[in-house]
Amino acid sequence: MTPRFDELIHPATRLSVVAILAAVDWADFAFVRDELGLSDSALSKQLAILENAGYVTLERPVTDRRRRVRAALTPAGRAAFEGHVAALDEIVNRATAAT
Amino acid sequence: MTNDVSEARAALLDVERRQRRVIDEIDVPPWYWWLLAGGWVVLGVLAELAPAAASIAATLVFGAVHAAIAPRVLSGQHRSRRLSVRRDLVDRRLPLYVFTGMIALVAVTLGVALVLDADGAGHPSIIAAAFVAVIIVIGGPRLTAAVRRRSMGGS
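Quick mapping for you: the protein sequence lines, in order, are chains G and L. Just so you know, we're using the working numbering here: the first sequence kicks off at -12 and counts up by one. Just so you know, we're using the working numbering here: the second sequence kicks off at 323 and counts up by one.
No lab work stands behind these hints, which were simulated from the structure alone. One should not assume that every hint holds.
Label pairs and their computed distance ranges (CB to CB) [claimed, not checked]:
| hint | chain 1 | residue 1 | chain 2 | residue 2 | range |
| --- | --- | --- | --- | --- | --- |
| 1 | L | G461 | G | A35 | 42 to 50 Å |
| 2 | G | F(-8) | L | D346 | 28 to 36 Å |
| 3 | L | V364 | G | A82 | 51 to 59 Å |
| 4 | G | R65 | L | V364 | 42 to 50 Å |
| 5 | G | S31 | L | D326 | 29 to 37 Å |
| 6 | L | D410 | G | K32 | 29 to 37 Å |
| 7 | L | V437 | G | T61 | 54 to 62 Å |
| 8 | L | G433 | G | F(-8) | 55 to 63 Å |
| 9 | L | S328 | G | D12 | 29 to 37 Å |
| 10 | G | F(-8) | L | L382 | 54 to 62 Å |
To be clear about the criterion: a stretch of chain G counts as covered by chain L if any three or more of its residues have a C-beta under 8 Å from a C-beta of chain L, and this derived list gives those stretches [as the list claims (entries may be wrong)]:
| hint | stretch |
| --- | --- |
| 11 | -2 to 12 |
| 12 | 15 to 23 |
Calculated from the model, a selection of chain L residues having no Cβ within reach of chain G, i.e. all distances over 12 Å [to be verified]:
| hint | residue |
| --- | --- |
| 13 | W353 |
| 14 | V363 |
| 15 | P373 |
| 16 | L382 |
| 17 | V387 |
| 18 | L427 |
| 19 | I457 |
| 20 | R471 |
We treat Cβ as the ideally placed atom computed from N, Cα and C, and that holds for glycine.
Please work from the sequences and hints to get the whole structure.
Okay, here's the thing in structure tokens:
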């Protein structure tokens, strides 16, 4: 994977959201919210930013008569995440090699 | 530069921690190991105290129940209601490891029971089964943790 620092993903909360979504096919909104200790509105805001960038899709399947929201990374989001992690690795490795 | 490096290092640690939590969500539940260990002890007790037919019947029932439960619990493909973990993060060989481990534990149980019996100990089957049950309860979660670490490393 080519290292590519992604400013959109880098903020800590957004990176945590994307890291969770990178490990799943999809995750419930509530799972991500609980894992990160965010409010509904704070997570909605982060997901909206990622959705607008084309990194995340949001689905609303009806199960158990309740409306739930599922979030998933798009291929573009996954590529951006992997490129960003590779860029972070490169920063750490370069510093390690320099010492 | 120092800030960049420490920030990058912290970000990578956070990524790893978040992904590990996701894998934990579909981990083999502790009750599975306790059920397996409990069944082992019950079979040990029956082998010692019950007629052979009852012991054989119980072994078959235990095998059938385990065969029904294990694939779902061990495959990692059982879905949490809250997420679906990517297939490539789940080591699909875990059921094979557990099955192989169970065969080894049967051999250990028989071996320990034979040694205890030769040594003149009372209730060798029960003691051997209890010994192996402890191995299951302690070793089972360690086995899955090791497999999980390897899956994460390869992702």
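Structure-based check of all given hints:
1. Taking the beta carbon of each, G461 (chain L) and A35 (chain G) are about 46 Å apart, inside 42 to 50 Å as hinted.
2. Distance hint check: the CB atoms of F(-8) (chain G) and D346 (chain L) are about 29 Å apart, consistent with the given range 28 to 36 Å.
3. Between V364 (chain L) and A82 (chain G) the C-beta distance comes to about 57 Å, which sits within the given range of 51 to 59 Å.
4. Checked against the hint of 42 to 50 Å, the C-beta distance between R65 (chain G) and V364 (chain L) comes to roughly 47 Å, which is consistent with it.
5. Restraint check, S31 (chain G) to D326 (chain L): a C-beta distance of roughly 30 Å satisfies the suggested window 29 to 37 Å.
6. Between D410 (chain L) and K32 (chain G) the C-beta distance comes to about 30 Å, which sits within the given range of 29 to 37 Å.
7. As the Cβ distance of V437 (chain L) to T61 (chain G) is approximately 60 Å, the hint placing it in 54 to 62 Å holds.
8. For the pair G433 (chain L) and F(-8) (chain G), the supplied restraint of 55 to 63 Å holds, since their beta-carbon distance comes to about 58 Å.
9. The hinted range of 29 to 37 Å is satisfied by S328 (chain L) and D12 (chain G), whose Cβ atoms lie roughly 33 Å apart.
10. A beta carbon spacing of about 60 Å between F(-8) (chain G) and L382 (chain L) agrees with the range 54 to 62 Å that was offered as a hint.
11. Against chain L, the stretch -2 to 12 of chain G contributes 9 residues with a C-beta closer than 8 Å to a partner C-beta. That satisfies the three-residue criterion, and the hint holds.
12. Only residues whose beta carbon comes within less than 8 Å of a beta carbon in chain L count, and the stretch 15 to 23 of chain G has 4; three or more means the coverage holds.
13. With a least beta-carbon separation of about 21 Å from chain G, W353 (chain L) lies farther than 12 Å from that chain, consistent with its non-interface assignment.
14. With a minimum CB-CB distance of about 36 Å to chain G, V363 (chain L) clears the 12 Å threshold, and the non-interface call stands.
15. Under the 12 Å C-beta cut-off, the non-interface status given to P373 (chain L) relative to chain G holds; the minimum distance is some 48 Å.
16. No Cβ of chain G comes within 12 Å of the Cβ of L382 (chain L); the nearest lies about 38 Å off, and the non-interface call holds.
17. No beta-carbon of chain G comes within 12 Å of the beta-carbon of V387 (chain L); the shortest separation is about 29 Å.
18. Interface exclusion of L427 (chain L) from chain G stands, the closest Cβ pair being 32 Å apart, more than 12 Å.
19. Residue-level check passed: I457 (chain L) sits 31 Å from the nearest beta carbon of chain G, beyond 12 Å.
20. Every CB of chain G lies more than 12 Å from the CB of R471 (chain L), the least distance being 14 Å, so the non-interface label holds.
Checked against the numbered hints above, the structure breaks none of them.
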